Every structure is written in structure tokens, then in C-alpha cells.
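Visitor: Each protein sequence line maps, in turn, to chains A and B. The first sequence begins at 27 in the numbering used here and counts up one residue at a time. The second sequence begins at 7 in the numbering used here and counts up one residue at a time.
FYI, nobody ran anything at the bench for these hints, they're computed from the structure. Take these hints with a grain of salt, some might be off.
Label pairs and their calculated CB-CB ranges [what the hints assert, rightly or not]:
1. A/I207 with B/A61: 57 to 67 Å
2. B/D111 with A/I311: 42 to 52 Å
3. B/D198 with A/I152: 53 to 63 Å
Bear in mind that the values here come from a model prediction, so they are computed numbers and not experimental data. Glycine included, each C-beta is placed from N, C-alpha and C at the ideal position.
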Amino acid sequence: MKSKICSSKYVKTVSKGKGWIPAFLTLGFLLAFPVVSLMLIGNWRGSSYTPEQMELLYENLWKDGFLLTGGFVSVLAAVLNGINGFIYLYSKRQTDFYHSLPVKRSRMFWNRIYTGLVYYAVPYVIMVFLAICIGAARGFFSLKLMGAALALFGIHLIIYLLIYFSMVLILCITGNLLMGIFCMGMLYCYGPGLSLLLGSYRYGFYETHYMGKSYGLIRFLREYTSPAGIVNQFAAAYEEGKGMEDFLILFVLTVLLAVLSYVAYLKRPSESAGSPMVYRTVAFIVKLMVVIPCGLGAGYIFYLIPINSMKTFWWIFGLLLGTVLSHGFMETAYQMDFHCFFKKKIQLAAAGLIVAACAMVYETDLFHYDSYVPPKEKIASVSVDMNIFSNYMGTFVKKAEDGTYWVGNESSDWDLREYSRSGEKGIGAKTYDVFCSMAEKQKERGLENEGADYVIAGGNNDTLCKAGVMYKLKSGKKIYRSYRVRASEFQELFKCLYEEENLKDTIRDMLEIDAEYLDEIYFNAADGRGYMIFQEQKEKWTELLEALKKDVENAGAESLTGVPCCSIQLSYRLPGAMNVRTLVPGEENRKEYAYSTINVLPEYKNTLSVLKETGYPITLDDVAVKKATIVYYGKEKEKTAAYEKTEDLEALKAAAVPVSGFYSWLECEEDISVILQSEQGYEFYVQLLKNKTPDFVKKGKEMADETDNQKGSEEEKVSVIGGADGPTSIIIKSREEDQTDE
Amino acid sequence: MIEIKDCSKSFGTVKAVDKVSLEIGEREVFGLVGSNGAGKSTLLRMAAGVMKPDAGEIEIDGLPVFDDEKAKSLLFYMSDDSYFPSDYTPGDMANFYRYYYPKFDMQRFFKFLRQFGLEEKKRISSFSKGMRKQLNVLLGVSSGTKYLLCDETFDGLDPVMRQGVKSLFAAEIMSREFTPVIASHNLRELEDICDHVGLLYKGGILLSRDLEDMKFHIHKIQCVLSDKTQERQLQKELNILKMEHQGSLLLITARGTRSKIMEQIQAKNPLFCEILPLTLEEIFISETEVAGYEIKNLFF
């Protein structure tokens, strides 16, 4: 009988009335393979791709393209076949009918899987064959392609089986449709949901939780605890030509689900048809898995709503309400009776205790999340989001073995820029101490500055900025934190990073790119103006780069965190890796663009001597300033003063910091805008170093504060919009002044 | 032979079958009777290998029935609410079953279909309840299994069809090894077909007897005696289960063989005396009342 049951005649007999499934799947695979193939080949021909590019695109179609379209139909097939094969378990009549047949349960299980596989594989193979024929007729055929088609079938089969067995498992452990849908939802959404809840709690209760990147447990829950998540991860990795690891995970999970389904099917009592949950232990576990996150989730929602000191009260109320309601609904669903809403009070109490324990973990920061810094010996590197601390924001590059470049963005890919002691794994003791010192203060700072995430200012020591930090451990694990940092701490961090040469590496990386890829050099001169330099003298570019390299090598941490006199921006046009997704019709080579700003310090003698040849001012000493205008921002009003005396102007130049960049490690004067005017009539902004601020400026600031106290002051001439965080572009003259001008 | 040994089955807190022991012999029609909820269907589902007993064993011809292909191939189970896959015709059902029952006789099945007036190519979903029951019986008989487990099979059949099915069973028993086990809550349905009857009450087996044996040992007599002293003498001499008067007519239900009872009564020179046929219900009333149960509690 064994062979008979796996015969085509048997499949034909049991398929009576179910022919719509293979027919439907045939239609799906027709759209997924031949139709897509035809449409895309037509599109490529119309888009003037070169034959090589079309070859590449067609190869990729058998990799990424069909992975998606065929995967979608495979998932659909798994759902339909899973339901078709095992939904009978929900019906007492059907269970009696099938389980009374003289077939062992195990054989019946595999027989149903076999039937489903026939429904899936036959249309799949036919349609793939048709797609290959279409490709061959259009001139795309190779043995490599056959291999790709086979690999694709293997992947689709695993995806099919994964989804199929997850369906079967749910059908085997539940007894009715409501519970089946609920548990299926749980299987697919529980991990991502829990990840969201965990992230929310960390955000709500921890000061240092970094929201921008997903990592650790949160990432694991989101990406690897749901079959759909794993498939998604695999697809993403496969697109990049990787994915072996994810495929193995997929395979192991499929086997695990198959074994669980098989055991659940064999052990399932026939009489459980119609009852919500088949296995008591599973029912209890599912209930706990639902009630605890629901309790915590409801608590969090209630915690978010009030903005006053009643937060904790409403949080506890939410925790209680969520626990009781979710437990009640689960019990009602289990017993199919609303009268059971408040039954099983001991279980409710136990769930309540677990919810309370979880809540306490977050409330008391039991595991010292905020102050945790991994042990120094375990840290391989650190990454710091310097977005708001410096004008370094540009790009960084990584060279591949084939000579192509990958370009990262400093602001979005900051965590890919890893700082470790030059050429070594690990960070220095001083750097580690700075991070420890920052971490220790986080709880306190968070409580003091609740709600203020980003407070940006030009180097005021009292101002806190929030910056992302990533510790990469030697094990490969990544730990992200978001620290509230003072400018002085950042200055210290910069010094440490420079001392350990790891921040210097970032400059080196850009300077070591082959000069042939240099596209242009933009010079931010001391007079605040920008110039393209040595456009027609490419040999000078090399000279400048060599000079810079030498100067950077010689510069110490102190000078690297000093006051720059000017800066240069290097722009590169690099050969990028050929990528199907970024393929431009007709273009053979892909270009990647990288740029980086390098501060030029007064100590960079070699660089300055090359720059001098440009004739543009390289320090403020080279700029003849005839007038300075300072706007003093009082608490409520502004006051403008002009200075033309030579000694005043010299004092201002001595304290000036060019604002072509933003140097958070420098302590600059706040609440003033300084505009210098050159002899040629150019105006440019500068900042003033706090420790070099001339006395007349200090007096001017004091006067501005005093003027604030005099209501209705008539000295008000100019209003500047935009705050004190740098040069302001919108200047509104007062009406009085306008009339005078007229 | 189907052997049920100390079999128990509970559904939550409800004990559906409680330590039932029963033997169902070969080539006999076994009637399993009991009120609703007595555990007939549960016992039959366990005997069919659909459900596993919580305790005890069920063996068919010495083979444990649960999840055993060989044992299950000896029986065909018809539930009270039979399932037929959607869109199936009687012909499709026959095709389906022949993969599972190698002895399934297609020719006989189609012959039966014609005899019972069922259309081979009509969708079963359009059949009436009675027609589906008939079809199920025909499929069961055609499957060629030794045991046929019928749960409330006669419920819904009209008297003519019922008679037809009974004749079919009788013919099968005559021609091959065939043992139908019929579960029913209706004693009248079973009395003219069963050879052996088991009575289930609240999950336990109350009695299991051969019907002939029961009929042989219990008799109902109506007679007219000339005086009261003879009546009193008879009360002492006979093992009387029940005695009642209808005018001068005396109705006696007594235990004992027919000849012995008649001999005792004839010795009193009755004016009139005859043996009346006993219905299965009356036998049960007598038997169960002796066992201390009120029949009203068992069936009504």
C-alpha cells in the first residue's frame, strides 16, 4: 500500500475537487517566471543596455529577481498546501474519517506532504523550464544558468517547506480556526513585536538607549525569531552574494519545524478537533507568552500618555489592566466561554508577578544598562557619531581587493567607521576611561535633561549633546549607546583618539587614495571664502597631498585638537564595484564619489607653504581687516557694535576661529556673532575663543545684558534670527534704520 | 474477535468510558445500546483506532488497534455523522477506499448502488441524510473488512431501507467472515437484527448478553387461573420477575426455560395459557431492574 499511496493515481484520486490548487499555483508560477522574464528582457532591450550588461541582468534575474517572485508564489503554495493537507484536524467528522483509515499516522503525515509537494513542484518545474526556453530563444543560455535555476529551486523549496511546516505545526497544536490564526500570527509576529516592546522599554526607561540602530537582542528578535524574518534576512544576504549562514539557519529551522510538526501530528489526540488548544503545556506557555508582553505593553502605553508626575501611577495601572485583560481574553478563547474571563486566578497572579518583575528590571535598571561599558579587553573598536561635533562629516572609503572602492557616509554609516589603536585590535586605556566616565554620568544627566535629546551649541561646556557610540567587541558583538556629552568631554575624547592614532587614521585613509582619482580640491581660505585650487596644475595636487600626509604624521594630539586656520576639501571620483542594481544603461564603469574636509593647522608648515602658492589667505594674518561688527545677543534683545581700531581688530583676529568648520572641542564665546570685513569689502564670520576674548567684547556682552533690563530700549538696531549657533544668514534691519537709509 | 479490556477514556473532567471490558465475537451482529452520552460512540471510535484509550487495551484479532495498519484494515468505521470529501461521487469514494482496502469489491459496490437506487456519478453533497447512510453502509460492506463498526447507522433510514440493510448484513454473515457492531440508543432498532447486545450506562458496561440466551431464559406468559391459591403457589414455584392483572387475565414475566415454566403452569390446570413474545425493551427492563437499575434512568 505504501507505494500505491505515493503513486500518481493516488494523488489524482485524492486531488478530486482540489484541482484548483495546482491550477492556481501554475498560474502563479507562470506570472513569476515566464511572464516576468519576457517583460524584463523586453524592458532591457528598450533601455539600451549593452549585451554584457544584459547578460549580467539576466544572470541576476535568476538570482534576485526570481527569488522574490518565485518566493512569493512558494509562500502562497505553502499556505494553501498546508491548509489543504491538515485543516481536517479542526473537524471532528473529517478526523474520524481520515483517522479510521487503515494507515499509520506517520504515513498519513508524509503522504500529505508528498501530495502538497507534487502540487508545488510540478507547476514550478514546468514554468521554470518555460522561462529557460524563453531566455534561450532570446539568446540567454548557459550551463551556469541551469545551475542558478537549480539553486533557485533549492532555495524556493526550503522557503516552501519552512512556511509549510510552520503552518502544519500550528494546525497540529491548535483545534480551531480562531486559535490557529492567532497562533500563526504569534509565530510570525511575536519576535518582531517583542523586539518593538523591548526597544520601547529601553527607550522609555534607559537614558542611553540608542534608537537609530538595531542591534543585539532587539535585532535578533526582529530578524531571527520569525520564519518570515529569517527568509527576509536570507534574501537580503543572497542578493549581496552571501547568505550561506542564513541558508543554514533556514535549513535547520525547517528541519526543526518538520520534526515538531511530525511529533505534534503523531501525538495529537483525534478528539481534540474543535478544542482551541491541543496540548495543555503549549496552551500555558502561549498564554504566558501573550499575557506578559501585553501587560508590559499596556503599561508602556499608559506610561507615555501622562506628562506629569503621575506617570508611575498610570504605568502600574496599565500593567495591571493589560495583564488582567490579556489573561481574560486568552482564557475566554481557550474555554470558548466569556464566563471564564476571570478564571484561573493563580495563573493570573503568576503572570502578574512576572510582569511586575520585568517592570522592576527596567524601573531600577537592575542590569546597569545605562552605566555599562564592556570590559576594555573585550573591546575591539569603538565608533562615535561625530555628526554634531565636528565638520568631519563627509564620506569615508574602503578599498576592495579588486581595486574598487566602497564609499560610506559619515553621518549615516558612522558605526562602520571603527576606531581602534592604529593597526591593532582594542582601544587605549585613556579612551576607555573617557567612555567609562561618560557612561557613569548618563543616568544623572538623563534625569536632569529629560526630553532634551539634542542641545547643540558652539562649544559651551555646560551644553549637552547626544551622540551615538558603538562598542564592537572582539567576539563581533556590537553594543550601541547614546550618551549625553559635554564639549569638554568630547575634547578629551578627541585628544585620546588622536593620541592613540586612531582618529588620525581617518585622515590618512583619505590621503592615501590614489591621486589619479582626485577630482578637485576646494580650499576654505582664512577670509571665509572658498576656492578651487590648482585646477590646471595636477602635479601640485600631489605635492599638496604629500605635504598634508607629512604634516598629519608629525602632528600630535594637542595640535590636532588646536585651532585650524583654514581647511581643504578633497573630492575623489573612484571606481565603484559593478552592481546590478546601480547599473546605468550603456555605462561600462561605475563611479563612486567621496569627499572629506581636512583642517589645516598652523603647525602644518609643509601644507601651508604649498597653499601659500595659491595666493589666497591661509591664516587671518594674511587678511587685512578694516572693520569688525559684533552682534551681542542679550536674553531678550540684541545690540550691534562696530569696531575699527587697529588694536581692537588685532585682538579680535588673535581670538578668532574660522567658521568654515565646526570645532566642538574648542571652547568659544557664546551669544555673539562676529563679522569681519576685509579691505576688499568681503564680510566673513568668525568665532571667538573664550580664553582669548578681548576685554571690550566681554564688556559689550555685559552691556547687552544690562540693556535687556531697560524696557523699550531705543538702541535696538538690528535683529538677527537664527540663534547663537553660528553665522546667521537672515538679517532684518529695524524699520527706523530703513527710514534713515531712505 | 474484538477484545476490549478495562478501557477508559475521559474528556477533561468527563469520564466518557470507564473501565469497559467487552468481547465481540465473530460472525454475529453486536448491538451496543445505551442512552445519549453513555459512551457508545467513544467506545466505537476507540475500537476503530480513531482515539487512543487513556487506559486499557483494544485488540482486533489479537492486534492492538490504535495506529496499526494491519488491525485497522480488518475494520471499517462508519461514524454517526459521516464525512465525504467535497465534490466526491459514490464512484470517487469507491476509488478512494480501494487504495486503503485491498479487498474492496468495486463490482459489488456498483451492483449495490443500483439495488439501493443510488446514482454512481451524482455528487454526494446532494444526497439526503438517509442516502448518505446507505452509501456508507454499501462502502463498508464492499470494503470486504471483517468488522463493520456502525455508529447510529439506522438512525435516518426509512423502514424499507433499514430492512434492506439488515438483509445485506445477514447475507454477508452467511457468505463470509463478517461482524457488524451497531451502536444505537434505540432498542427497537436492534431487536430484530442483533445476536448479542451490550448495554452501556454512564461509561460503564452494564451487561453483555446473547439475545437468544436472554430470550431463552425470560418469558412472558398470559393465563387465567381458577382460584387465587394457585396464583400464590405459582409465585412460590416460579422465578417471577413481574406479575400483573388485567381483569381475570394474569400476566407473568418469569425467568426460566419455556418448558419448565409451562410445566409448572399447566400443573395448575389454567383456564387459558399462552407464551407471549418479549420485546428487547421488555427483556432489558427485566434484566436491568434485577440489576437494580430503573430502565427509565437508562433510556428515557
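Visitor: It remains to establish, for every hint, whether it holds in the given structure.
Guide: Going through the hints against the structure:
1. In this structure, A/I207 and B/A61 break the distance hint of 57 to 67 Å, their C-beta atoms being roughly 35 Å apart.
2. Range check, B/D111 to A/I311: Cβ separation about 50 Å, and the 42 to 52 Å hint holds.
3. At roughly 60 Å, the beta carbons of B/D198 and A/I152 sit within the given window of 53 to 63 Å.
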